[in-house]
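2 protein chains.
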Amino acid sequence: MTAVATKRVYLFHEGNAKMRDLLGGKGANLAEMTNIGLPVPPGFTITTEVCNEYYANGQKLPAGLMDDVRAAMKFVEEKMGRTFGGSYRPLLVSVRSGAKFSMPGMMDTILNLGLNETTAKALIEETNNPRFVYDAYRRFIMMFSDVVLGLSKHDFDNKILQAYKEQKGYKSDLEMSAEDWKLISEKFLEYVREKTGRDFPTDPYEQLELAIEAVFKSWNNERAIVYRRTEKIPDNLGTAVNVQAMVFGNAGDDSGTGVAFTRDPSTGEKVMFGEYLMNAQGEDVVAGVRTPVPISELQSQNPELYRQFVEICNILERHYRDMQDLEFTIEHGRLFMLQCRSGKRTGPAAVKIAVDMVHEGLITKEEAVTRVTGSHLDQLLHPRIDPKALEGKKPLITGIPASPGAAVGKVVFDADTAAKLGVHGGAGEKVILVRDETNPDDVHGMLASQGVLTARGGKTSHAAVVARGFGIPCVVGAEGLKIDEEAKTFTVNGTTVHEGDVITLDGSTGAVYLGALPLIAPEVSGAFAELMSWADSIRKLRVRTNADNPRDARQAVELGAEGIGLCRTEHMFFEQDRLPIVQEMILAQDEAVRQNALDRLLPIQQKDFEEIFEVMAGKPVTIRLIDPPLHEFLPSHDELLAQVVELRVRGDNPQELAEKEKLLRAVEGMREANPMMGLRGCRLSIVFPGIVEMQTRAILQAAVAVKKRGIDVYPEIMIPLVGHVNELKTVRANLERVAKKVIEETGVAIDYKFGTMIEIPRAALVADQLADPQNGNAEFFSFGTNDLTQMTFGFSRDDAGKFLVPYLEQKILPTDPFETIDQEGVGKLMRMATESAKRVRPDIKLGICGEHGGDPDSVKFCHRIGLDYVSCSPFRVPIARLAAAQAAIENAAEGDK
Amino acid sequence: MTAVATKRVYLFHEGNAKMRDLLGGKGANLAEMTNIGLPVPPGFTITTEVCNEYYANGQKLPAGLMDDVRAAMKFVEEKMGRTFGGSYRPLLVSVRSGAKFSMPGMMDTILNLGLNETTAKALIEETNNPRFVYDAYRRFIMMFSDVVLGLSKHDFDNKILQAYKEQKGYKSDLEMSAEDWKLISEKFLEYVREKTGRDFPTDPYEQLELAIEAVFKSWNNERAIVYRRTEKIPDNLGTAVNVQAMVFGNAGDDSGTGVAFTRDPSTGEKVMFGEYLMNAQGEDVVAGVRTPVPISELQSQNPELYRQFVEICNILERHYRDMQDLEFTIEHGRLFMLQCRSGKRTGPAAVKIAVDMVHEGLITKEEAVTRVTGSHLDQLLHPRIDPKALEGKKPLITGIPASPGAAVGKVVFDADTAAKLGVHGGAGEKVILVRDETNPDDVHGMLASQGVLTARGGKTSHAAVVARGFGIPCVVGAEGLKIDEEAKTFTVNGTTVHEGDVITLDGSTGAVYLGALPLIAPEVSGAFAELMSWADSIRKLRVRTNADNPRDARQAVELGAEGIGLCRTEHMFFEQDRLPIVQEMILAQDEAVRQNALDRLLPIQQKDFEEIFEVMAGKPVTIRLIDPPLHEFLPSHDELLAQVVELRVRGDNPQELAEKEKLLRAVEGMREANPMMGLRGCRLSIVFPGIVEMQTRAILQAAVAVKKRGIDVYPEIMIPLVGHVNELKTVRANLERVAKKVIEETGVAIDYKFGTMIEIPRAALVADQLADPQNGNAEFFSFGTNDLTQMTFGFSRDDAGKFLVPYLEQKILPTDPFETIDQEGVGKLMRMATESAKRVRPDIKLGICGEHGGDPDSVKFCHRIGLDYVSCSPFRVPIARLAAAQAAIENAAEGDK
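Chains P and R are the protein sequences, given in the same order. Just so you know, we're using UniProt numbering here: the first sequence kicks off at 1 and counts up by one. Just so you know, we're using UniProt numbering here: the second sequence kicks off at 1 and counts up by one.
Just so you know, the hints here were simulated from the structure itself, not pulled from any lab data. Among these hints, one or two may not hold up.
Note that identical chains are pooled: a pair holds if it fits in a single copy or bridges any two copies.
[As the list claims (entries may be wrong)] Under the rule of at most 16 Å between Cα atoms (straight-line distance), these lysine to aspartate or glutamate pairs were calculated in the EDC-like manner: (1) Lys420 <-> Asp441; (2) Lys482 <-> Glu668; (3) Lys662 <-> Asp484.
Hey, can you work out the whole structure from these sequences and the hints?
What follows is the structure, given as structure tokens:
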């Protein structure tokens, strides 16, 4: 608590738009509008610091606050020529919460505060409109009781008002007379007395004090906390309270209220967008009691007012240099602005508005680039569920969004069925594969599916990683989803879904819906291309893609990839024509059999690489040598065990039993307690050098073949899982020999490089040894941040779901470290490695190829620590390009300071 | 190759004992003895640098070397009044290898080099002893052919000499006449010609050149490489070559040869120890052809010579200030010293000699402390196989020595049988548990066994860690050992061992023998206690123990432990009376059942702690809260699966099936892909706080109870597996509350501390946050170097065997990082953590509790980076005390420089 003897209450004209921290977004913008001369009802803002003071104080308003409030109120009274609580021309006020960031979880608004018997009577005298006054009064009692006294709004509405209307035989509120509203007000007050055991507060300042406190309390209500968690808003910001003189949209037929956007927030088109309702208060619009009309109708209804409104919109857009979301009220034909803020917009709108505003000369290209977020682009690049179809729709279940985009299809429960019914070789139906979790045996089924849904796993589970790799929408970790594989059903909260039933899933939100919802195709408009070209001209970080096959590589190039940063060779091994050969190689008892299998794999791998090299034509391609433990390619241990036990008990097929037992023994021999940290990566290359020798030969032979066709090839051979410099030296020496031999045999020179993944913490610690031309001699590093995060945290990504979810909920971790690089820990290792490697080898090429390569915050971190490129899945390439440009802009701005 | 224009050949008087690097141990000591005036036959040494030059040169002797050799030979010739290759008084020489460290793998010796027709004739003329000359000649041919020409010595012996003797009807070499030896020499020369296709070299300088080259070659023969690997001797040291004038122990009955130690190398007693043989050459003693007599007999046979020898021994002991291993020759009644070096000794001898020499005023206490190694103490602290029983005994198999000491017992193949037959509650038989690998289900059987033998796993496998914890001898990773659990047999290289057969295993060497070998009990003599007291007065590092039960704690205190550095609470959960309650707690579906189980565990845990606190009376006790994943306490998944499948197929017991299926589902629900990095440690404490709350209450209640009995208690509560400061803060806040409550309830103040393990790489990276009193507020750190090594390297210790063995063989890793701290990687993290923690909390207590706490090199590293203590298993406490003292001495010495 540093010197909070500072100003607690700001009159609107004392603030400005830059004071969001102190005044909240709403307060700051009210101040700004006031100062640029727009018609804003006078008022004042109690700062966010007071909110923190309130909590530090054990939930007590600081002493003296209400004195400051009274002083401010004096000013408002003078400005309005009214008196708060006065018996002549009484002043009514609205009380609204307003944090730095808009937070729908918090208390929103109390209108008409200051009403009581006395002021109501005075207002009737003044307006001669008792119906309006009692309507306002009953609204005030209900809102105040709801948010301050904790009584349910619905009880007032349903129990009292509805009953009254039924008794009277009224169908609509319009039939209610002044007397009716008066009676209702009295009934409401009676109900409050009954429920709370005390009278509804009549002193306006008591009302105000209680309302202010209620706003502060709402900062820490359940919904607000949840919202902050999901939006990553810090808990210590606090909310401000805005107190503003009421103007009445329901003061008669020459009054009204509305909301508007200065451009279309869903398409970005430069048209006035919004709606209004005459003779109504804001909540009528929101509640949907009456149907508002499009803002354009105001033009015919009241051209002068419309002209005035359009002018204000233009002023605000020019002033804020962004599309604005506005609230306004018309009182007796006079326009008042009640709120303005940057308007939320869809991805397509964000791109179009940013690009248009550059053409309009409103903002610079750099600003345009910073106006669009990764999730905006994400929307643009994947089919989405039509937002209209989502209105009022409740998901069946919501899991973890793991691979963006929406998908519709028939539920299937196993990969073989998916492959049989699905696309890419199957019957061509749209299916969605639903599994507890996936494993490499499921890949062919995943490929044939529109989408994947799993009950277990996190964002970096097998399903998530593979789905993102293939660009298939995926929802994982849908806890509560119970699959009965035998019955071929899954059940969620009592709803049972059968094989063949259609579901829709949204991999961007995690929501899963019953039935087929309409999808909207991705829109890669001209504005998108233009924005990306600006981003490309600004950014310094290069963007590559993770691609294991020509299809992904092609897609990524179309989306702007400048190379392949990670081509995983083992995914190629899982394809159905190869897996049996791979298994033969692994299970070979003697060298000849093993070599024979490798010899058969060689041309297949070579063809894989040739296709990829052709697509990437002249762009660098980083190929990671085989990484996973060999047992991943073998049949499931548990299934084998079950088969063996069954065969043993049955005793009717000794030959099959013997075979299965043999296979089980082999699988058991390779089984590992912690395969993540077992015999894989370069360890495998040292213990069984044959596989990587074959792969290196395949890479070089492919490069030679493609080069002979006149296409440039730049293979970068990446040795995974290095932790000690001697591992790199040993493997590299062996493979360099193979590479040289191919070049010698063919007489074609290939410009290849050897490098290593930095994914073992120890590798980061000895990066100088690895990079040193006299030692490990790695010509490039690629930070494998998935594994580096796993080992730096000691989190197995396959198992972390069980504690990662509570960790994020309890804020033990600020963000999911598998999503955004943990800068304090993992990032520290990356920084150390980068610095020490550059010291011994200034020209070393540094990249990142973990999942983080497509996460904007992580991309920015990579820029800051001086990497050369990031690599991400094809669909995230534009997001990375954008984030890289934003990083360059932020960095330049920081440099200016 | 820096300036090798340096001196290549040193005459003995040009060197000294400090030039071991350049002249090798043998050469340096010959030089030293020459310079202190002892009777050493003249000679010279070709340096180790020449050996490296030889290899750098593509295995060619450097140009000009033989010129230097000739010049040196000239000096020897003059000194001896003889001529190399001369036809009058010819000079013969011996050629011996000699590296910095004694290496039995290398070529040892060629004697009598320089003999040929001419010199033999000249020597006969000179000595008038043709039998001696031809005997020497045939020996030379055989040795030279063996080591230089690559012909087998045995062929000469068996094929030619034996055949000749049989033909002649001779029973012993003594019957061979001069003529016989001459004939044999000729047959030998003929055999060489036949086998190599060329004549045996007759030019003495050619003989010498070839011999020198053979010595250099022997540096890289298979045996030498293997020896260097096991002894951790660098490959680039090279060997020197010693060329020395021959003196003849077989020149007649007034001649002889022998070896001696200045003290008894097996007990350390100060008595002359050794044996000699008259009229013999050194190899006769070694070959065991004739039986040598004890050195003491020389006293009666030749008192003057004996007196002279004793005097030389005294001179050498005083000069070298250590027990010496000597070779000598008597030629015509004249004594010559051929070698002296520090004598190898047993553990007991090392301790006794070091202590005696301090009392004799020969060395300081500091020197005494540095003269004893960890493995010396290790021998002292465990029963050993009687070395006499090992003579000529071949092990059945040799695995990885995992827990020191020898054990004899009947083979059993499962833990239940071990528990039934074995000690601690069983029938009291001595059994050895033989398993593929062990798991927590086997612990009760391990406890009941004399020793444990596993076919799989490394030094930090479950078996190894548990065995060391319990002080049970253990050999792991005995690859090649095939267990047939059903038949209850194991097979090794065709030998089948049945249940009940007796074997002997040596956990210090990894050897396993068939049958019962006699054991020698540990000798903790007065000298040991005295040495330890000196070590304690020198060392700065404190030494604690890892102990999970009062028995271990007591033993450790007896061995000098100053506290408990790691008390693992989960081992307590595995004991048979508790496991069912623990399982009940884990499987509980509702909170009440879980709490009930915890309530029943509380008094049991409290009693555990009370007993330990009583034993440790006033010494600090660090208790680690539950660490392993909960599924470790549940039945094996595979066994359950097999049972379920069997019950399903049989279909005759639906009720049991349903129960087992339920249990299987529960176990499957908890199963993890990589349990090492799953839901364990503090993650468990956050997700299921009940267990650690119970444990904290048990610790505090135990402390209160013990304190009430008048015994001081200093519990240190350690939170494991912390990676993020918020984990520590969350768990600590919760447990601090529990602790305070107990103190409040009982009114007894307990001086407790909270701290954390540093075992996750990230923890080391953010150590300042963890230690900061304003943040994580850890009052102590204990480096859990087992896990830290696992995660820093990404090596699962359960699986690493498969690549760690080839890694060590191929020198990819210099040492096993689970044995000795990897200073470059893991050590770097430890250093960073230590420095950053001390910056924010200078008084933080820092320790280490991994397996490394008992490894001398690691203990020294801990001293250097400024830890306060190391903690190790009870039997390694003295070793750690010694290493800590050695570290302090080394540090002081470095400070002097």
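message: Which constraints among the numbered hints does this structure fail? Numbers only, ascending.
response: Result: no hint breaks.
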